[in-house]
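Student: Residues per chain, in single letters:
There are 2 protein chains.
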Amino acid sequence: MNFAQVKDYLVDLQNRIVTGLEQVDGQSFRRDTWDRPEGGGGTSCVIEEGNVLERGGVNFSHVFGKGLPASATAARPELAGRAFEAAGVSLVLHPRNPYAPTVHMNVRFFAATKEGAEPVWWFGGGMDLTPYYGFEEDAVHFHQACKDALQPSGEEYYPRFKKWCDEYFYLKHRKEPRGIGGVFFDDLNQPDFATCFNLTRSVGDHFLAAYVPILQKRRDLPYGERERDFQAYRRGRYVEFNLVWDRGTLFGLQSGGRTESILMSLPPVVKWRYDWSPAAGSPEAKLYTDFLTGRDWLPLG
Amino acid sequence: MNFAQVKDYLVDLQNRIVTGLEQVDGQSFRRDTWDRPEGGGGTSCVIEEGNVLERGGVNFSHVFGKGLPASATAARPELAGRAFEAAGVSLVLHPRNPYAPTVHMNVRFFAATKEGAEPVWWFGGGMDLTPYYGFEEDAVHFHQACKDALQPSGEEYYPRFKKWCDEYFYLKHRKEPRGIGGVFFDDLNQPDFATCFNLTRSVGDHFLAAYVPILQKRRDLPYGERERDFQAYRRGRYVEFNLVWDRGTLFGLQSGGRTESILMSLPPVVKWRYDWSPAAGSPEAKLYTDFLTGRDWLPLG
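Protein chains in written order, with UniProt numbering: chain Z, 1 to 301; chain W, 1 to 301.
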């Protein structure tokens with residue numbers, strides 16, 4: 001377990017991703033460095049009204065403290081009171097073009113230490129894609145990149161983390177997946193630190209290859225008010241998921257995290273309307289019937 | 001304790017409020033009646049793209065069941081497994097004009113029964129106002145109507161329920177009140193059923209007088225893109241409160257309530273932007289400095 005090594009990787013990952021996205025967009029991200037009064041801090045990189053990205057944030061944070069609050073360890077009461085350290089990179093990008101999907105990626109590391117005891121640590125992370133208008137080839141490309149990221153660690157990871165992603169990014173109050181999925185994992189600490197770190201690093205390292213080709217392909221497709229309107233409506237689901245179900249968002253907001261960094265994930269313009277659904281057979285209906293179905297995008301086995 | 005009497009009152013209240021609002025707006029509400037598979041149902045009255053109201057809903061629901069789930073009674077474990085019955089009217093109105101405030105009102109009744117035991121019951125409710133551009137006279141008018149509603153039940157209620165409202169409608173992650181407050185109460189079952197019912201009824205009955213004069217005064221004020229933009233930004237706070245902190249919304253969504261009726265409270269068009277605050281001294285800044293301060297709008301005592 002080497003925390004400094006993980007932190008260095010995360011700082012570098014954030015820089016590489018922001019630089020890569022700036023090359024695509026042509027507009028620079030704003031960079032805000034902030035301190036956490038209780039220990040640690042972070043850097044939030046934000047783009048708004050870019051050429052391609054309507055709103056997006058790539059956030060790095062590294063927080064630590066002396067006594068882990070009981071609320072943070074409900075599932076592991078034996079960790080209460082331990083010193084802790086957590087670091088991660090988290091991003092959400094909302095392109096302007098309704099044919100380009102929203103994307104989310106996160107890699108994170110947590111460690112709880114106590115003198116005279118073995119440190120307890122785990123990795124978590126993943127990435128998932130949320131289209132407004134679905135393209136089968138985009139979904140396949142994204143899942144292939146997820147699989148490529150995990151394959152070096154072992155055959156078993158992609159199917160397991162793909163399923164975990166479908167289960168996690170699910171709006172129970174809508175009985176609806178958030179998007180076409182990807183991969184998600186948490187509590188990863190087996191078989192050893194090096195294997196877990198390599199796997200997590202590979203997920204972060206594959207992000208640009210997973211997303212940028214899709215963004216490039218869709219960024220300049222012509223669209224009109226109808227598509228923008230549907231995008232704004234569907235973005236409401238993103239808000240609902242993040243504020244009602246996402247554990248990271250809720251924990252951050254309820255535990256005094258930096259609100260503006262946490263809510264960078266929310267879309268720039270959102271609409272709600274009552275009991276609306278798209279006309280059967282329309283391109284909008286196709287999103288529900290063909291894409292928000294938890295299907296397998298890659299041939300299994 | 002007479003449940004039928006409460007239910008009749010609530011059905012009538014919904015009708016009176018919807019009729020009153022239709023007279024103001026000139027457009028009819030859509031009325032949807034729905035059943036709850038586990039027992040009960042409701043009527044949702046919705047307006048969208050009205051002449052004055054951009055989006056609004058007035059919801060009546062009456063639900064019952066045989067065994068109260070433990071999750072619903074965390075604070076009162078002795079009620080688990082009892083038969084229960086709950087009814088309420090809940091409304092949120094989002095006017096189009098940014099000078100007209102958003103308003104919320106709710107009155108509700110809950111009863112848990114068991115053969116051979118005294119029924120356990122309580123009332124809850126209140127109303128609160130959320131301006132985008134504040135007007136002192138509107139805040140005073142609204143609070144005066146709240147006080148008028150409670151005064152017949154006793155001097156002590158308005159100050160107590162005003163404070164409770166300020167505490168409840170508070171965005172902890174923003175350190176910011178949702179609006180200029182009003183009144184809020186819950187668990188009301190003293191001194192007796194008749195007193196509690198009268199008080200709750202008076203709150204419901206005062207809603208139109210509390211809000212309609214404000215709406216009429218502001219509905220036709222001239223505004224431009226700047227004011228609409230600030231309104232959309234501030235509406236984001238409404239979404240954040242309702243999805244992150246509001247117990248009724250969260251419980252409804254997480255317990256299989258009717259999603260479209262619960263989320264009628266969300267605004268039609270919402271914007272999020274990073275780390276934004278209004279220029280010092282601007283009309284937008286005045287909202288924060290002069291109105292979102294938990295102040296007393298009526299002379300005390």
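Because the hints were derived from the structure by calculation, they are not lab data.
Hints are not guaranteed to be accurate.
One copy or any two copies: either way a pair holds, since identical chains are not told apart in the list.
Unchecked claim - Okay, derived cross-link-like pairs now, DSBU-like style, lysine-lysine, Cα gap no bigger than 35 Å in a straight line:
no. : residue 1 : residue 2
1   : Lys66     : Lys147
2   : Lys66     : Lys217
3   : Lys286    : Lys217
4   : Lys114    : Lys271
5   : Lys114    : Lys172
6   : Lys286    : Lys7
7   : Lys271    : Lys66
8   : Lys217    : Lys114
9   : Lys286    : Lys66
10  : Lys7      : Lys175
11  : Lys114    : Lys286
12  : Lys217    : Lys163
13  : Lys7      : Lys217
Student: Against each hint, give a clear statement of whether it holds in the structure.
Tutor: Right, here's what the structure says about each hint:
1. Lys66 x Lys147: Answer is neither: 38 Å inside a copy and 48 Å across each miss the 35 Å cutoff.
2. Lys66 x Lys217: Neither: 48 Å inside a copy, 55 Å across copies.
3. Lys286 x Lys217: Answer is within; shortest intra-copy Cα gap is 20 Å, inter-copy 45 Å.
4. Lys114 x Lys271: neither (48 Å within a copy, 44 Å between copies)
5. Lys114 x Lys172: Classified as between: cross-chain Cα gap 32 Å, same-chain 38 Å, threshold 35 Å.
6. Lys286 x Lys7: neither (42 Å within a copy, 42 Å between copies)
7. Lys271 x Lys66: neither (43 Å within a copy, 38 Å between copies)
8. Lys217 x Lys114: Classified as neither: same-chain Cα gap 50 Å, cross-chain 63 Å, threshold 35 Å.
9. Lys286 x Lys66: So lysine 286 and lysine 66 fail the 35 Å test inside a copy (51 Å) and across (40 Å) alike.
10. Lys7 x Lys175: between (37 Å within a copy, 31 Å between copies)
11. Lys114 x Lys286: neither (53 Å within a copy, 49 Å between copies)
12. Lys217 x Lys163: Within one copy only: 27 Å inside, 55 Å across.
13. Lys7 x Lys217: Only inside one copy: lysine 7 and lysine 217 sit 33 Å apart there, 57 Å across copies, limit 35 Å.
Against the hints set out earlier in the document, violations occur for numbers 1, 2, 4, 6, 7, 8, 9, 11.
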